[in-house]
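Enquirer: Go ahead and model the full structure; you've got the sequences and the hints to work with.
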Amino acid sequence: MRAIALAFNYVCMTAASYAGGDPEYGQYLSSECVTCHQSTGSGLQIPAINGMHEAGFIAVMKLYRSRQLENQTMQTVARRLSDEDIAALAAYFSALEPPD
Amino acid sequence: MTIVDRRNFTTGLLGLGAMSAGLSLPAYAQGAKPRVVVIGGGAGGATAARYIAKDSKGAIDVTLIEPTKKYYTCFFSNLYLGGLHDYDYIGHTYNALAARHGVNVVHDWAVGVDGAAKTVELGSGAKIGYDRLVVSPGIDLKYESVNGYSIDAQDTMPHAWKSGTQVALLKSQVENMREGGTFIMVPPPNPFRCPPGPYERVSMIAHILSKKNPTAKIIVLDPKEKFSKQALFTEGWQKHYPDMVEWIPASVSGGVKNINMDTMEIETDIETFKADAASVVPAQKSGAICDRAGLTDGDWCPIVPATMQSRADENVHVLGDASVASAMPKSGFSANSQAKVAAMAIRGALTGSKVFEPRFGNTCWSLIDANDGVKVGANYKAGADKIEVVDKFISKTGEDDALRTATYKESEAWYSAISADMFS
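Chains as they are written, first to last, in numbering that gives the first Met the number 0: chain D, 0 to 99; chain W, 0 to 423.
Treat the hints with caution; some may be incorrect.
As the list claims (entries may be wrong) - To give an idea of the chain W side of the interface with chain D (calculated C-beta under 8 Å), a few residues:
#1 Y142
#2 F355
#3 T362
#4 V389
#5 F392
#6 K408
#7 E411
#8 S415
#9 A416
#10 A419
#11 F422
What the hints contain is simulated information worked out from the structure, not anything from laboratory work.
The beta-carbon is built from N, C-alpha and C at its ideal position, and this holds for glycine as well.
Expert: Set out below in structure tokens:
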């Protein structure tokens with residue numbers, strides 16, 4: 000009964016709908032990032048990523064995903080992200096104000 | 000319908016749910032503002048309150064019930080013990096949740112939940128109604144799990160497992176030990192809040208003693224045979240504190256048989272140890288409100304992984320240490336992650352906002368000595384019955400100093416970020 004009720008929470012969408020990097024999906028995914036990345040984090044070991052250049056964001060995340068950049072946390076985060084996930088995150092963060 | 004795509008989301012939930020179930024419409028579906036009440040202002044509760052209020056942009060009325068006006072985090076309390084941060088650094092207020100996000104912050108105890116009436120009773124006797132309830136009370140201690148230990152004994156041998164004044168008391172006792180004295184740590188049995196915590200505590204106390212009282216000893220009387228990050232801690236203790244730390248598993252000591260608070264003696268099968276200072280962390284269970292609300296099965300609260308809804312009441316979500324989160328450890332990071340999943344599900348249920356596939360993550364940093372940080376982490380998915388590991392990692396033994404320093408600095412940045420994610 001509860002499982003049926005829960006199932007109503009989900010309606011599926013085709014993957015093509017978000018091909019350009021959907022900021023709303025990116026905002027959802029970003030909630031994982033902001034546990035560690037502050038919006039005012041210049042100079043910290045974990046840098047601010049708000050306002051980051053979109054293409055640069057995508058490139059860095061793919062380097063973490065392929066383990067060409069070293070950081071176990073970031074590699075584990077990135078390996079879970081599809082190209083589409085990364086594009087959505089890049090669209091979201093690049094639209095935010097960069098840190099002062 | 001099954002979840003077949005990671006970008007699944009809700010549309011028209013209220014209509015679908017109400018019609019299909021043949022239920023009468025709740026008040027919020029008839030125009031009233033939906034109400035969420037959150038019990039507990041820690042990593043789970045504060046995050047849930049903040050995200051529901053922030054992301055609903057005022058469409059949901061959020062009330063946070065938390066007895067303390069200043070919340071001292073358990074995470075990083077060991078760094079306060081080790082002298083790396085002062086007490087104020089780990090204390091946070093709820094002012095921004097109220098001022099910036101419009102959360103109604105009520106400083107009181109939640110003493111009861113009426114699931115049928117959907118009300119929370121406060122210590123003051125007042126009742127607050129809800130459409131969805133978030134229960135995130137953290138842990139309570141089973142003092143009786145250690146013979147001779149009790150709530151009255153906590154000032155003599157502080158557990159210091161809920162942060163705040165207990166940690167300040169423990170720090171004072173450690174720093175005032177006699178020269179060459181013995182500190183004894185009694186970690187809890189599984190499952191418990193912050194699996195690496197007792198061993199980071201040993202490390203940070205060793206860090207202090209190695210400077211102020213270098214002939215002091217630390218004995219760990221563990222009820223377990225192994226512990227989180229064991230190889231990393233063991234290596235670090237040998238490197239930084241040679242001959243200071245002795246870890247004794249239950250298979251060797253037979254476990255703690257009794258503690259005499261008057262003489263500070265801790266009795267085991269092999270020896271009766273005399274402590275000059277000690278920290279005894281008993282077995283744990285979910286916060287008392289969980290039992291009163293009928294949410295527990297044994298000591299903890301079973302949940303539906305995709306939404307963190309209680310298995311006992313679908314209008315209630317249980318977060319953090321109190322929940323049975325399966326593969327996820329009981330940590331502040333886990334609670335924060337679960338809160339975001341629950342906040343999304345609650346907004347979806349109450350306002351029809353999009354609900355994406357839930358994702359969970361956790362990283363636990365530990366400090367072995369100043370600038371010697373290590374970490375363990377994973378990300379998780381919601382299985383049908385359990386939260387399941389997708390991918391995981393752990394620091395390696397033998398890492399160079401530069402990497403360990405970077406990992407420590409990373410933990411400092413994380414603390415600032417998660418504090419802001421909870422309280423700003």
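Enquirer: Please list, smallest to largest, the hint numbers that this structure does not respect.
Expert: Of the numbered hints, 1 and 11 do not hold.
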